[in-house]
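Novice: For chain A, the structure is supplied; the task is to place chain B on it using the hints.
There are 2 protein chains.
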Amino acid sequence: MVAHRSEVFSNSLKQVATKLMPVFGTKEPVVVIAGSGTSALESAVCNVVHEGDHVVVVVTGVFGERFASICESYGAHVHRLNIEWGTACRPEQLETFLKGLKDPVKAVFATYCETSTSVLNPVKDLGAVVKRVTDALYIVDGVSCIGGVPANMEDYQIDILVSGSQKALMLPPGLAFVAVNKRAKEAIKNGPEKRFYLDLNRYIDSYDEAVTTPFTPPVSLVFGAEEVCRMIEEEGWDNVIKRHEVLRNMTRAGVKALGLPLLVENDADASPTVTAVKPDGDQAGAIKKYLQDHFSMVVASGQKQLKGKIFRIGHMGYSTPFDVINVLTALEMAVHELNGRDTFGIAVKKAEEAWKAHV
Amino acid sequence: MVAHRSEVFSNSLKQVATKLMPVFGTKEPVVVIAGSGTSALESAVCNVVHEGDHVVVVVTGVFGERFASICESYGAHVHRLNIEWGTACRPEQLETFLKGLKDPVKAVFATYCETSTSVLNPVKDLGAVVKRVTDALYIVDGVSCIGGVPANMEDYQIDILVSGSQKALMLPPGLAFVAVNKRAKEAIKNGPEKRFYLDLNRYIDSYDEAVTTPFTPPVSLVFGAEEVCRMIEEEGWDNVIKRHEVLRNMTRAGVKALGLPLLVENDADASPTVTAVKPDGDQAGAIKKYLQDHFSMVVASGQKQLKGKIFRIGHMGYSTPFDVINVLTALEMAVHELNGRDTFGIAVKKAEEAWKAHV
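In order, the protein sequence lines correspond to chains A and B. For the first sequence, the working numbering begins at 1 and goes up steadily by one. For the second sequence, the working numbering begins at 1 and goes up steadily by one.
Excised from the complex, chain A in its bound form (with noise of 0.2 Å):
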């Protein structure tokens, strides 16, 4: 550990701060808390939601359900545009919401990639839709995928894009990050009163000083972030949200390959960095019991209403094609273990041939 307050490491937030811009595509240094996603999430909402504010949360899972929470426990009037989970929203959806909506809204959340279903919701045209029908800000969870795919705030529209440090930042987790932009940092200056450890304009101050936090940083986590900003410049930002694409569709291509339906249908709605699968009947857990105990291969279980009906596979960070091949051949060995067919090879050749038309 080095001091929190020393040289050193004011030199390596500043790096992390803006080597995180294009990621986040912000034209403002990114945020550092010392948090959960979660605190990220409730950064974006303590920070500009009054009590009494109406605002819309796009619902397409656990993630969207929890930032409706949050601003439900902070008095706001939620009023929830909720999807079938599996589905993205489409634009049209917002619209016709938020032109039946009587009062102004304070702020529309939407998650960018909802990680309990594995759908990415096409953020860059449902901010488009905000924007023309509101005067609302736009607020986007990216959690699950900041790092992993595209984003650009201006372009999208966005106020405010957070995200957290153990999904496509590659970190353990314990950073939360948050990116706003000028119209986000004037509302944050005439937020609530009631929040002190995730005001905002603190974090926002401390930047303008000395490159500093308000309180005491994850030392260990920002110096990984240092080198995740690194690793992210030595394949190039491109680079990295291609590979991405590649990892979707080879575990698509692959998990499709094998009979296993995917919960995200719409090949168009399908995040590049993690693939929720519902295989027939009750397999989902046996399928990811029987990696667990013979591959000591974790893929995760379902979320609420999914719990039990679908597993979900991570691609994301320093993920590799190999990751994605190994995942699949121990599929193949799973539904030949639980059902009896002939499967090897076969998940393994489509996501080859999905590969190949990248190389």
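Treat the hints with caution; some may be incorrect.
Which copy is meant is left open, because identical chains are indistinguishable; a pair holds if it fits in one copy or across any two.
[To be verified] Each computed DSS-like pair below joins lysine-lysine, with the alpha-carbon atoms no more than 27 Å apart:
(1) Lys-304 <-> Lys-182
(2) Lys-304 <-> Lys-14
(3) Lys-189 <-> Lys-304
If you're looking for bench data, these hints aren't it; they were derived computationally from the structure.
Specialist: Chain B in isolation, oriented as in the chain A frame:
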């Protein structure tokens, strides 16, 4: 990294939550939050203090003032008991202050070790006053000393005791700890609406259900905390406490021998974890710089009204008597260089005498 919803992580968290119980002197598992120490302070405010509540904050330095600021940001009427910086709060002072208030007090806040001055407040004696004179909750900031000083929430009548990972608990920053007793749990259940990430009910309920966290925990730091608990067990908790007393006594004896004034004059008010030195004139900065330039040794500056007037020597966590010998040797060389005095060996000699008394 491992999946944070895995059994291996749950087991690690369970170890940390229970093995820290004697360190906090609590009968309940210690809550772990991803955040800075200030997030722990805020959790102790926002879960129990309602808008309009009257609260008392004992302010003996920067971190007492921080408690007061947090309470104000949540709309409390804050009654500050301001104590001269460098001095501990006497129980009689608190008793007189509390008896002078007209309104019933919801909570009394105190700082165990005020790290900005290196004062250790007599939190047990203050607790006795709080409970004799009021019905208030008694809430203590133990960030810069828990893990290096005794704590017994029942005996000291503390309802909420908070700390952080990066001081005497020897970890990188990024973990906040909160210990609550049964009475505090009740208050937290009936706490204000406007909280989500720092809503302690969520953390307490997660322990009751499956020993997990409501939001993604900082896995690497929790693994570190497990090792910290093992180290404390290995040394023996009583020995850890004794070692910190020895470190303080050695440091104070050595600094005095060098003719450098201590900010905390009264030995009984001095923290076992940190010692503030207040050299005559403007030498604090010069000494700090000498240590940094010649030995890459970092002592901390003064904060706020003590800026430029003091430097602070940390002697906590994994610090050993030999670390104190080293910093005193460095100070001897600094004072020799800056003042031309024959200082070699004189601080070390006194420190050895203080050490010998405990060996």
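Novice: From the Cα coordinates, with 27 Å as the cut-off, is the pair Lys-189 and Lys-304 best called within, between, both, or neither?
Specialist: The answer is between: 24 Å across copies meets 27 Å, while 36 Å in one copy does not.
Novice: Checking Lys-304 and Lys-182: alpha-carbon separation at most 27 Å within a copy, between copies, both or neither?
Specialist: Neither: 37 Å inside a chain and 31 Å across chains, both beyond 27 Å.
Novice: Can you tell me if Lys-304 and Lys-14 fall within 27 Å by alpha carbon in one copy, between copies, both or neither?
Specialist: So Lys-304 and Lys-14 pass the 27 Å test across copies only (24 Å; inside, 39 Å).
Violated hints amount to a single one, hint 1; each of the other numbered hints is respected by the structure.
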